[in-house]
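Residue numbers (this note's numbering), protein chains in the order written: chain F, 282 to 361; chain S, 3 to 204.
Please keep in mind that the hints were generated in silico from the structure rather than gathered at the bench.
Idealized CB from N, CA, C, for every residue including glycine.
Take these hints with a grain of salt, some might be off.
[As the list claims (entries may be wrong)] Some but not every residue of chain S turned toward chain F, in silico, with C-beta under 7 Å:
| # | residue |
| --- | --- |
| 1 | R35 |
| 2 | S73 |
| 3 | T77 |
| 4 | W78 |
| 5 | M80 |
| 6 | T88 |
| 7 | P159 |
| 8 | P171 |
| 9 | Y175 |
| 10 | K186 |
| 11 | A196 |
[As the list claims (entries may be wrong)] Quick look at which bits of chain F chain S covers, simulated, 3 or more residues with Cβ under 8 Å:
| # | region |
| --- | --- |
| 12 | 296–307 |
| 13 | 311–323 |
| 14 | 333–347 |
| 15 | 350–360 |
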Amino acid sequence: MSLTRKQISILMQLVAETSPDEMDCGDCLDHLAEFAETHLEGRPLSDALSEVQTHMKNCPCCEHEFQSFLEALQGIAEGE
Amino acid sequence: MSAAHDQNGWVDRLRDPTQQPEALEQLRALLLRGLRRAFASKAGDDAFLEDIAQDALVRILDRLDQFEGRSQFTTWAMAVAVRLATSQLRRKHTQDISLDGLTGSNPLKIEFADDSAAKPSAGIERSSLIGKLQELIDDRLTDRQRWAIQALLNGVPIEEIARRTDSNPNAVYKLVHDARTRLKQGFEQAGYTADDLVGLSQ
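One chain only, chain F, in its complex shape (with noise of 0.2 Å):
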């Protein structure tokens, strides 16, 4: 098959953005919770949380299930 040249881009992105310890999808999911917490609040992210973040570049399926996350969470705040 062919590689669109977005296809292309988005490889090369993840390449150069690999890292020797990343955090797997196990352990970023178990994290969500309280990254979303410190990114709506503006807070500093520890360590941990940074991981999360890094993880996040490089897996196109947690980061959308942190977009969807952030709009249920939209959704309980606008209820209260």
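Fit chain S to the given chain F structure using the hints.
Using the frame of chain F, we list chain S on its own:
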């Protein structure tokens, strides 16, 4: 668990048989509100989201001991519900899609579309980088790694790749991470920096 993160006493109320029914109903309403906001346009019908909210309550009760107070209880509970909804929607979305169809007739080799390498404006450096990428993909990656990368670049979620290969998301992530590491090392050994790669990706 930090009491400050459970201001409404959710954990105690959910554990107390006399308070649990009311707490569950309140939590269900809250989760449903969040789920509707995030997934109404993707879910198709509200019954799906009501089922997710119900399943989430079961899972939350099951995992109450795992709430460590690192976030508000309701944030943690919402994360559980979003995890369920995301997972089920991904499965629904991809259940009729053949992974072989997404990865092409020859899933073990990545070929590049003409427009990615041959544009006059792209320059020699770009062509050289892409040529190196092709070489590294061919020489350093395993068949499974090439296949997983192709699937991911075609939008197949990691958990769906895992499900269809009798694996788990963490193992698939590691497989792809190892592949990215091999590619990055190959570029570095050839004298390219991460900035060179990012430059190409923009």
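Structure-based check of all given hints:
no., hint, in the structure
1, R35, "holds, 5 Å"
2, S73, "holds, 4 Å"
3, T77, "holds, 4 Å"
4, W78, "holds, 5 Å"
5, M80, "holds, 5 Å"
6, T88, "holds, 5 Å"
7, P159, "holds, 5 Å"
8, P171, "holds, 5 Å"
9, Y175, "holds, 5 Å"
10, K186, "holds, 5 Å"
11, A196, "holds, 4 Å"
12, 296–307, "holds (count 9)"
13, 311–323, "holds (count 6)"
14, 333–347, "holds (count 6)"
15, 350–360, "holds (count 9)"
Of the numbered hints stated above, none is contradicted by the structure.
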